[in-house]
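Student: Given the sequences, and given the hints that come with them, work out the whole structure.
Numbering (numbering that gives the first Met the number 0), first residue to last: 0 to 123.
Just so you know, the hints here were simulated from the structure itself, not pulled from any lab data. Just so it is clear, the structure is predicted and the values come from calculations on it, not from any experiment. The reader is advised that the hints may include incorrect statements.
For each label pair, taking beta carbons as the anchor points, the in silico distance ranges come out as [what the hints assert, rightly or not]:
{"id": "1", "residue 1": "S28", "residue 2": "V77", "range": "35 to 43 angstroms"}
{"id": "2", "residue 1": "I29", "residue 2": "T70", "range": "36 to 44 angstroms"}
{"id": "3", "residue 1": "I9", "residue 2": "S79", "range": "56 to 64 angstroms"}
Glycine included, C-beta positions come from ideal geometry on N, C-alpha and C.
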Amino acid sequence: MKGRLFISCISVLCSILFFQGCNNLKSSSIKFQSEYQVVFLDNGQAFFGKLEGAGSSYPVLKDVYYVQSQTNPETKQVNSILIKRGKEWHSPDIMYLNAKHIVLIEPVSSDSRVAQLIEEAKGK
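Tutor: The following block contains the structure:
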């Protein structure tokens, strides 16, 4: 009887330690070397910005930009332009993301075309 109780206590203790360890891994924050990151969502949208709290349930994206395609009606040529989020009617300046919908996060290199366009937009 004492042997079963001892094994049960050890099993419960191991389970608690295992789940506590899994929870700690899940909530750890990811650090990026680049100033900006691109966040791809499961609906196909991509947003560029400064990501805080990556690895948490609701990371925050600040200084947000997105790409919008415009078609010239005469030439049918499609141009992609970088838009600063905040020009919308409700003037959002920050995005709280549901981590369940984030597919991929990548750093934006400081010498990339996107980084250059962001710097140009900040200068306007």
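Student: The structure should be examined with respect to each hint, and the outcome stated for every one.
Tutor: Each hint tested on the structure:
1. Under the hint 35 to 43 angstroms, the C-beta atoms of S28 and V77, about 38 angstroms apart, fit the expected range.
2. The beta-carbon spacing between I29 and T70, approximately 37 angstroms, falls within the hinted interval of 36 to 44 angstroms.
3. For I9 paired with S79, a C-beta distance near 59 angstroms keeps the hint of 56 to 64 angstroms intact.
The structure shown violates none of the earlier numbered hints.
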